[in-house]
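Taken in sequence, the protein lines are chains A and B. Using my numbering, the letters of the first sequence correspond one by one to residues 8 to 279. Using my numbering, the letters of the second sequence correspond one by one to residues 823 to 1150.
These are calculated hints, taken from the structure and not from any lab test. Careful, some of the hints might be misleading.
[Unchecked claim] Under the rule of at most 16 angstroms between Cα atoms (straight-line distance), these lysine to aspartate or glutamate pairs were calculated in the EDC-like manner:
(1) A:K272 with B:E830
(2) B:K1073 with B:E1143
(3) A:K272 with B:E910
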Amino acid sequence: MPSHRTAFPGSAFWTVVRLSAREFTAYPSDVLLEFFTYPVAFLGYYFFLQAIAGVNPLPPDLPLERLALYYSLGWLLRMIFHQRTDVGMGSLIAQGDIALLLLRPLDISRWMLAQALGQAAARALFYAGPGIVLLALFGGGLGEYLPANPLVFCLAAATGFLILFELQMFIGALSFFTTLNFQMSWTLDMLMRLLAGLVVPLSLLPEALQSALAWLPFPHVFSIPIRSWIEPQPLVFWAPVLLQGGVWAALLHLLNRRFYGFALKRLDIFGG
Amino acid sequence: MIEARELEKAYMIPEMGDGWRSWWASLFHRQYRRHQAVSPLSFTVQAGEIAGLVGPNGAGKSTLIKMLTGIIRPDAGEVRVLGLDPFERRREVCRQIGVVFGQRSNLWWDLPVQESFYLVKDLYRIPSAQFTETLTQLGAVFALDELLDQPVRTLSLGQRMRCTLAAALLPRPKLLFLDEPTIGLDIVSVGKLVQMLKDVNATQQVTLLITSHDLTVMEQLCQRLLLLDRGRLIFDGGVTAAVQRYACYKKLRLTVRPGIAGGQERIREELAGFGGEWQNETLEWIIAEGNPQEQVLLQQVRNLSEAGVADYYLEKPTLQEVIRNAFA
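Okay, chain A solo, but in the shape it has when bound:
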């Protein structure tokens, strides 16, 4: 059994998380620029929705403020969750730099997870706070923009992050077999936006599609964390949903382990 399946020390995991977060701030001007451009992106969304609402009646259960909150939360979560792990992994494989990871006593999957977690933590720190404040400015009161159930939201967000990470690791591993990593990454991203409720809230999709999606991992990535923020439902309502998300995260994790074990056997790195 290939030893990449074994984990590396917990202290090293958290060191990688810390270094990844620190790396994010290695170029302060970039952080500053993103800090200012991110609210501008938010503003764009808000005015776009306002314009749409001006010519088409919005569904009664999704007034303008709620829809703006829905999309803003969605894109805020995407910014934190989506750390381009698939492209990063693909470029490691294509350029042969995966050799450098294989030379260390570590589990590649946990290494990549620690990196994604560190980058996500840094982004959450720098952008989530300002994002929420900005939402409140348009909505009239910070209280309305705090999660309805913080514990459920945290669990749903963690599950969503893990599912998206595993899906990206899967796309990344395809680079062992093909050079189309970038295109597949883009396709996954587009599918994710649609099936996870970033393009349209899933409640607006046809009933049949909603029923099918309820069994798939995609809604757990964005739609469910957003809903858990917005909808004041009791914990018993969310428990089976969270359990299903956890099962998906575990299944995808196991699938990836098998896939990487198989893929590493056919890894070729030419030249020095």
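Since the structure of chain A is provided, determine the placement of chain B on it from the hints.
Same frame as chain A, but now just chain B:
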């Protein structure tokens, strides 16, 4: 320390001809060429040895190192590093070895060098006291003090190599693989590196397996040479044995003192029967090992000191010549 038996690796390389027809056909049916990177080869490296892998480009040196370090899986054969299969038990093997690829760096690009060192400490579970002690020692050898706070991206190639080597040595590996470690280093840095590797080998009994095109380094460092040619091991033995096999000759060089009237003409005349090749005021002979004429020639040269022989000396072939002859 390293045992390789009938180790073999082939790559399938896609072949794409030129022209529209070839391009169209390659979309549906791609042709592959099998490139035997490493033909069945066997060797062992004992603990404490410094062995050099030498060969021209494409000889299979890097592929061999990747198989020995568990990065890629051999197609056939068996390999044991520290008694373990490096592919199947990569993590355990990695914990005990250090690897430096001259063209790649394991340091964290945007962060200060010391952060990468702390990561090594955590990854290899190095006790704090041992970490501090080793870092102090390596800092003295590689002059790391002023580099520790610098982001890796701001280092020169030589500085980066020093830091990469230090990172590889921090866990005190039992076995160190060095693939082209002198790329980009200046002469002074190469000299220091060679001395440091000798010290590490002598004081910590670290086994070294090195590939390099810098034969001066190999000559100064390696007790043993493994010559690879097109994936085959064509020689495995000591440097002296390599010289005996591939450069079994000496060079006798004689230089003429200028300003002695008729001196050079007399020397030319007296030594004409021995052949040799004149280059300005130097005459050079290549004498096969064991040639009885060697002593006669030497005596003749000594006799000509009054005619203006300024100096003469016997020279062993350099490793460069050995390699050149081996791969000729």
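Hints, verified against the model:
1. With a CA separation close to 15 angstroms, the supplied pair A:K272 and B:E830 stays within the 16 angstroms bound.
2. A C-alpha spacing of about 12 angstroms is found between B:K1073 and B:E1143, which places the hinted pair at or below 16 angstroms, so the restraint holds.
3. A C-alpha spacing of about 10 angstroms is found between A:K272 and B:E910, which places the hinted pair at or below 16 angstroms, so the restraint holds.
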